[in-house]
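Trainee: Sequence:
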Amino acid sequence: MNRTHHDPAAVGAPVGGYTHGCEIAEGRRILFISGQIPETADGSVAADLEGQAHQVWRNIAAVLAAAGMSLDNLVKVTTFLTDRGQVPANRKVRNEVLGDRKVALTVMVATTLEAKWLLEIEAIAMD
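Under full-length UniProt numbering, the residues of the sequence shown are numbered 1 to 127, in order.
It should be emphasised that the hints constitute simulated quantities derived from the structure, not laboratory data.
It is possible that some hints are incorrect.
Cross-link-like lysine-lysine pairs, in silico, DSS-like; alpha carbons within 27 Å at most [said to hold, decoys possible]:
| # | residue 1 | residue 2 |
| --- | --- | --- |
| 1 | K92 | K102 |
| 2 | K76 | K102 |
| 3 | K116 | K76 |
| 4 | K116 | K92 |
| 5 | K92 | K76 |
A quick note: this is a predicted structure, and the numbers were derived from the prediction, not measured.
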């Protein structure tokens with residue numbers, strides 16, 4: 001299997017033995033994007049859900065760009081929120097970012113690895 005890893009500097013170095021994006025090239029390319037957290041490359045984190053959600057989507061866009069893809073290539077998105085009350089703000093940001101793009105979507109409530117992270121999003125893209 002032809003596997004390429006995508007770890008753009010704009011997202012910050014992965015820690016803990018993973019890659020931000022793992023692309024499989026077998027006929028069509030499939031990119032699996034690891035759960036993106038709301039940190040900037042310098043480690044800062046917005047205090048509110050909307051700010052964090054926008055940063056997560058910027059990180060996803062950076063991983064896609066590193067693979068020569070864009071938001072148009074997304075086929076599946078899984079969002080992990082830390083509280084059900086965050087659903088409206090998450091939906092607002094997701095709709096702003098994705099616009100008319102339709103993807104398979106899952107939203108779950110879970111505990112994130114760091115308490116300051118209010119959400120994490122993983123995705124799959126294909127070209």
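Trainee: Evaluate each hint against the coordinates.
Mentor: Hints, one by one, checked against the model:
1. Taking the CA atoms of K92 and K102, the gap is about 15 Å. The hint holds against a cut of 27 Å.
2. Between K76 and K102, the direct Cα distance comes to roughly 9 Å. Compliance with the 27 Å bound is thereby established for this hinted pair.
3. For the proposed pair K116 and K76, the alpha carbon gap of about 25 Å is at most 27 Å, so the pair holds.
4. For the suggested pair K116 and K92, the alpha carbons sit about 21 Å apart, so the restraint of at most 27 Å is met.
5. For the hint pairing K92 with K76, the CA-to-CA distance comes to about 18 Å; that is within 27 Å, so the pair holds.
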